[in-house]
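Asks: When you get a sec, could you build the whole thing from the sequences and use the hints?
There are 2 protein chains.
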Amino acid sequence: MNRRKKFDRDEAIAILMEEMWELGYEACTVNSMSEKLGITRSSFYNAFGTKEKLFCEILDIYKISISGKEMFKTNNSRTVLSTITERMFKICRYQEQDMAYRGCLAANSIQEIVNKHNEIEPVLKNFFTENIHHFEKILGIAIKRGELEDCDVRIVALSLQNLIIGLSEMSKIFRKKGELWSVCQHNLRALGLYEEFESD
Amino acid sequence: MNRRKKFDRDEAIAILMEEMWELGYEACTVNSMSEKLGITRSSFYNAFGTKEKLFCEILDIYKISISGKEMFKTNNSRTVLSTITERMFKICRYQEQDMAYRGCLAANSIQEIVNKHNEIEPVLKNFFTENIHHFEKILGIAIKRGELEDCDVRIVALSLQNLIIGLSEMSKIFRKKGELWSVCQHNLRALGLYEEFESD
DNA sequence: ACTATATTGTACAGCGCTGTACAATAGTAG
DNA sequence: CTACTATTGTACAGCGCTGTACAATATAGT
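Listed in order, the protein sequences are those of chains A and B.
If you're matching positions, the first sequence starts at 189 in the working numbering and goes up one per residue.
If you're matching positions, the second sequence starts at 189 in the working numbering and goes up one per residue.
Just so you know, these hints were derived from the structure itself, not from any lab.
Treat the hints with care, as some may be off.
Intra- or inter-copy, both count: the list cannot distinguish identical chains.
[Unchecked claim] Taking lysine to any residue and the SDA-like style, the derived pairs with C-alpha atoms no more than 20 Å apart in a straight line are:
{"id": "1", "residue 1": "Lys332", "residue 2": "Glu210"}
{"id": "2", "residue 1": "Lys239", "residue 2": "Ser370"}
{"id": "3", "residue 1": "Lys364", "residue 2": "Asn303"}
{"id": "4", "residue 1": "Lys239", "residue 2": "Glu214"}
{"id": "5", "residue 1": "Lys365", "residue 2": "Ile320"}
{"id": "6", "residue 1": "Lys261", "residue 2": "Lys304"}
{"id": "7", "residue 1": "Lys364", "residue 2": "Thr317"}
{"id": "8", "residue 1": "Lys364", "residue 2": "His374"}
{"id": "9", "residue 1": "Lys194", "residue 2": "Lys313"}
{"id": "10", "residue 1": "Lys304", "residue 2": "Cys216"}
Computed from a predicted structure; not experimentally measured.
Replies: If you want it as structure tokens, here you go:
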């Protein structure tokens, strides 16, 4: 067999995801990331290809673990709206407490990726498109169950996504404790998406 | 007297504002901006100081011309809500038609400025803080006039700002004609801020 | 020991950007 | 013409980053 890698690729990716989440795509150079991992650039290129490829891979992982589909999972034992509400509460709480001001990786990336990085852009757009589809789906379920009045589910899904993006950015500007959740709660109520949930 | 400037400073700033609006702060180097203006870096530094100072100046100009205070000006001859609604309609229409995907300069800048550029950050945060104050003020007027039910004006002001930020980012991802305004309209209605306005 | 081969390390060549110093130039006044 | 001075131009020195080529190394198999 051949020489072994000096690092675990999956662990490296997790570290780099945090780094890019915090600093953004452009600010993370191959040099800086290689140093962060304690490897040479040669190893970086060998393991990840280009920075663009790596970022696409990170977005895919983000999508699998933190996308609308994963975080807004519904089941029969609880209502869609309480799921949405609880999830949004947790997002707000997390963002309020995050000293690194990370917000949402996908939302953070819009400005620096769209119209600038051809390889990444479709992956990023697809992330949001799939989010919306999932929101549409669960909102459809909520309507069927009578939790939500009949409405244009696409517009409501887009509104929910809009709320998430806005909150992610606002979390970096307005840091008063509890305020982010208050805004979120107000908007959920206004959109008819609010429902109390049982605390952890 | 002394040697004259080869360029008009105010015109140069307008050009650079567009450039930074489209490409973002980091992507605009002193080199690239000097080339854009057809001047040397020496002249750039002489006229503008540092890139940071320039950006602060641009944000101030943006604030004067495009902030909440300017764009959401109220007067006695029309309702606050119709002003808000019309303004939001125009923002959405502009963003939908903008092929450069500029969105909102201040919103665009959050991710690349906060926690990264000490000199600019307070200027940016101040932009949003003043926006919120203005929104609070006009919402207070709307309540006094009976246009709006009594509510927590700060939360509603933050919600309006949240909507604007979200729409700015969404405008770069979802490009279906009319959809941005539909989302905006839905949210304005939900927040109780919607009122028909007379078309131009 | 030798071979094969994946991985790491090193160097090259080149590009781009930066702040700064200071020379050169443009303009006016005396 | 000289003096003054704001502006522009040029060069320096340095830093950082990049992709690539290829040598060196680590492993297992024969």
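Asks: Determine for every hint whether it applies to the structure shown.
Replies: Here is how each hint holds up against the structure:
For a Cα distance limit of 20 Å, the shortest separation of Lys332 from Glu210 qualifies neither inside one copy, at 40 Å, nor across copies, at 43 Å. In this assembly of identical chains, Lys239 and Ser370 lie within 20 Å of each other by CA distance neither inside one copy nor across copies; the values are 38 Å within and 37 Å between. With identical chains, the CA atoms of Lys364 and Asn303 are at most 20 Å apart between copies only, with a shortest distance of 17 Å across copies and 34 Å within one. Taking identical chains as interchangeable, the C-alpha atoms of Lys239 and Glu214 lie at most 20 Å apart whether they share a chain (10 Å) or sit on different chains (18 Å).
Proximity of Lys365 and Ile320 under a CA criterion of 20 Å is satisfied inter-copy only: 17 Å between copies versus 29 Å inside one chain copy. For the homomeric pair Lys261 and Lys304, neither the shortest alpha-carbon distance inside one copy (33 Å) nor that between copies (35 Å) is at most 20 Å. In this assembly of identical chains, the alpha carbons of Lys364 and Thr317 lie at most 20 Å apart only when taken from different copies (12 Å versus 32 Å within one copy). Taking CA atoms no more than 20 Å apart as the test, Lys364 paired with His374 passes inside one copy only; the shortest distance there is 16 Å, against 28 Å between copies.
In this assembly of identical chains, Lys194 and Lys313 lie within 20 Å of each other by CA distance neither inside one copy nor across copies; the values are 34 Å within and 44 Å between. Taking the shortest Cα distances, Lys304 and Cys216 sit within 20 Å of each other both inside one copy (16 Å) and across copies (13 Å).
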